[in-house]
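On the provided structure of chain S, position chain A as indicated by the hints.
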Amino acid sequence: MRVKLLPFLFLLPILALIFSLGIYPLFFSLYYSFFQYTIHDITRISFVGVSNYIRIPFDNLFQNSFSLSILYTAFCLALEFPLGLGFAILFNSERKVITAIRSIIIVPMILTPVAVGVIWKMMFQSEFGIINYIIGKIGLPPQPWLGDPSLAMVAVVVVDVWQWTPFIFLILLASLQGLPKEPLEAARIDGASSFQLFRHIILPMIKLPIIVALLLRTIDLLRIFDHIYIVTRGGPALATDFLSLFIYRTGLKFFDIGYASALSWIYLFILTFIAIITFKIAKIKI
Amino acid sequence: MKMKLVEVLRTLLAIFLLPTYLFPIYWLITSAFKTEYDVVSIPPKFIFSPTLENFKRSLSFGGARALLNSVIVTLFSVSLVMIVSSLAAYCFSRFKFKGRETLMLDILTVRMFPPIVTALPLYFIASSLGLINSHLILILVYSMFNAPLATWLMKSFIDEVPLEIEEAASIDGCSHLERLRHIVLPLVLPGVIVTMTICSIFIWNEFLYATLLVGGGPNKTFPVQVALTVKHKSIAWGEACALGTISILPILAIFILVRNYLVRGLTFGILKA
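These protein sequence lines are chains S and A, in that order. Per the numbering used here, the first sequence starts with residue 993, numbered consecutively. Per the numbering used here, the second sequence starts with residue 59, numbered consecutively.
With the rest of the complex left out, here is chain S:
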């Protein structure tokens, strides 16, 4: 009996934390998602069944946020993946210079996102920003980066690519370095070209890390908040109003708590689905 109880005692603190601050709030919001509950009329909480959920697909603002989030994720991955893979292949070497570069380009990943936001917001300023200065040197006219809807999207994609390409790079590099040497040498002796080697031997072997890296990035991109909040704050004209920002606004600016809770659950559902796929594919061994 004592032996059975002991593991539980060691786990008690972490489980207490997770239940009280993770699981309980989730059920709290599940409960409120079935109510009409706004700050304007805080005394009246009325049960509305699933109507908060039914409202979601017809809400123009949600449609806007949802498609923007998908678009943003697609743009970022389309740039980060080829770049990350390319860097991993090129920098897969033990030369001193290369190892130095390798460790330097991971710095953006650990920088305070808010500070990263400040850096880029300043560089993207249309009047004195250094980016307009540089493109001016090439002979292009200055652009209103943060004032134009599509340019603002470009700007926030650039920030993410700068900060997170190293993540994909790091994972793919580690998996390239973990590859067994024999099959590669055997293929080379058999006269395979570098491209053939990559396409038919290396790529299949690093397929799994690639998928996992992409899925982890997808989860992160779908819940992006910090640097967007600083650089564009969802604007201009809601052009970068991604899901997290939209829910934030619904819940804490307009205090439409019932609806924000319903949105949260749908959002959580989508992300959990992706997370489960990630775990299934990764088959993480304990």
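What the hints contain is simulated information worked out from the structure, not anything from laboratory work. Don't take each hint at face value.
[Said to hold, decoys possible] Restraint ranges, calculated between C-beta atoms of paired labels, are given here:
id: 1; chain 1: S; residue 1: Glu1119; chain 2: A; residue 2: Ile141; range: 44 to 54 Å
id: 2; chain 1: S; residue 1: Leu1200; chain 2: A; residue 2: Ser228; range: 47 to 57 Å
id: 3; chain 1: A; residue 1: Leu247; chain 2: S; residue 2: Met1197; range: 27 to 37 Å
id: 4; chain 1: S; residue 1: Leu1195; chain 2: A; residue 2: Phe104; range: 16 to 26 Å
id: 5; chain 1: A; residue 1: Leu71; chain 2: S; residue 2: Gly1128; range: 20 to 30 Å
id: 6; chain 1: A; residue 1: Asp230; chain 2: S; residue 2: Leu1189; range: 49 to 59 Å
id: 7; chain 1: A; residue 1: Leu71; chain 2: S; residue 2: Leu997; range: 30 to 40 Å
id: 8; chain 1: S; residue 1: Ser1118; chain 2: A; residue 2: Glu159; range: 45 to 55 Å
[What the hints assert, rightly or not] DSS-like, lysine-lysine: derived pairs with alpha carbons at most 27 Å apart:
id: 9; chain 1: S; residue 1: Lys1173; chain 2: S; residue 2: Lys1245
id: 10; chain 1: A; residue 1: Lys156; chain 2: A; residue 2: Lys291
id: 11; chain 1: A; residue 1: Lys154; chain 2: A; residue 2: Lys289
id: 12; chain 1: A; residue 1: Lys114; chain 2: S; residue 2: Lys1129
id: 13; chain 1: S; residue 1: Lys1272; chain 2: S; residue 2: Lys1199
id: 14; chain 1: S; residue 1: Lys1088; chain 2: A; residue 2: Lys62
id: 15; chain 1: A; residue 1: Lys291; chain 2: A; residue 2: Lys154
id: 16; chain 1: A; residue 1: Lys156; chain 2: S; residue 2: Lys1272
id: 17; chain 1: S; residue 1: Lys1088; chain 2: S; residue 2: Lys1129
id: 18; chain 1: S; residue 1: Lys1245; chain 2: A; residue 2: Lys291
id: 19; chain 1: A; residue 1: Lys289; chain 2: S; residue 2: Lys1245
id: 20; chain 1: A; residue 1: Lys103; chain 2: A; residue 2: Lys114
id: 21; chain 1: A; residue 1: Lys154; chain 2: S; residue 2: Lys1272
id: 22; chain 1: A; residue 1: Lys154; chain 2: S; residue 2: Lys1173
Each residue gets a CB set at the ideal place from its N, CA and C atoms; glycine is no exception.
Relative to the frame of chain S, chain A by itself:
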């Protein structure tokens, strides 16, 4: 011949990449030392006479207090994370019980939650408990969010400690808790440091919960202070850069000290797959 081409390409790319990666950071730090006039000069000024004015001003307007708040919150959260996760990691590493692997995965799922989903209900729960604007609520929430990853990291380090060393101690009548404290933890000290470092960075950087649960009041954390400077239409860029610089300095210092360990911690789990 072919190898030569790869070398050239590599060098070219490296030459291109380094400025791309370092310039934004350089620009932030140098701008922090410019006068408000120089920061917004057209064309941008690369040579200027440095001033500490931005640091003085931004720290006196609530910045110093926010810095202290962040230090307090980070220290307490990391301590709590380490206590909670060492216990859990020891349990997962040493005891065999039904549902162990499922439980470990379930715990990690917490990390995948989008923060905004729990942040909203937490706001209402915390305000009904009177914990809004307190350090305590942030410390608890940060511990909850970082404990899963810390547990996984710590477990991987504890797994490497041979059981025989511990068994010798158990003959001497040590309880599991004493073994963890006096034998296992000292042996995995490098692992403890890596885990603490990674969690500290996450906690130091956190913004969403900080702005929501504590906001811009006297207890605000440093990232919130940074965000406040760029909130309005007319931005004091010099001050914003000074605050941004202060917030990334500890991270750059950590990076220089323990970068190799950091890489291990950050790619953890993915490599296991």
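Hints and how they fare:
no.: 1; hint: S:Glu1119 - A:Ile141: 44 to 54 Å; result: 51 Å, holds
no.: 2; hint: S:Leu1200 - A:Ser228: 47 to 57 Å; result: 40 Å, violated
no.: 3; hint: A:Leu247 - S:Met1197: 27 to 37 Å; result: 36 Å, holds
no.: 4; hint: S:Leu1195 - A:Phe104: 16 to 26 Å; result: 44 Å, violated
no.: 5; hint: A:Leu71 - S:Gly1128: 20 to 30 Å; result: 25 Å, holds
no.: 6; hint: A:Asp230 - S:Leu1189: 49 to 59 Å; result: 57 Å, holds
no.: 7; hint: A:Leu71 - S:Leu997: 30 to 40 Å; result: 58 Å, violated
no.: 8; hint: S:Ser1118 - A:Glu159: 45 to 55 Å; result: 54 Å, holds
no.: 9; hint: S:Lys1173 - S:Lys1245; result: 57 Å, violated
no.: 10; hint: A:Lys156 - A:Lys291; result: 58 Å, violated
no.: 11; hint: A:Lys154 - A:Lys289; result: 52 Å, violated
no.: 12; hint: A:Lys114 - S:Lys1129; result: 35 Å, violated
no.: 13; hint: S:Lys1272 - S:Lys1199; result: 14 Å, holds
no.: 14; hint: S:Lys1088 - A:Lys62; result: 17 Å, holds
no.: 15; hint: A:Lys291 - A:Lys154; result: 59 Å, violated
no.: 16; hint: A:Lys156 - S:Lys1272; result: 20 Å, holds
no.: 17; hint: S:Lys1088 - S:Lys1129; result: 34 Å, violated
no.: 18; hint: S:Lys1245 - A:Lys291; result: 19 Å, holds
no.: 19; hint: A:Lys289 - S:Lys1245; result: 16 Å, holds
no.: 20; hint: A:Lys103 - A:Lys114; result: 22 Å, holds
no.: 21; hint: A:Lys154 - S:Lys1272; result: 23 Å, holds
no.: 22; hint: A:Lys154 - S:Lys1173; result: 37 Å, violated
Hint compliance for this structure: hints 2, 4, 7, 9, 10, 11, 12, 15, 17, 22 are broken, all remaining hints hold.
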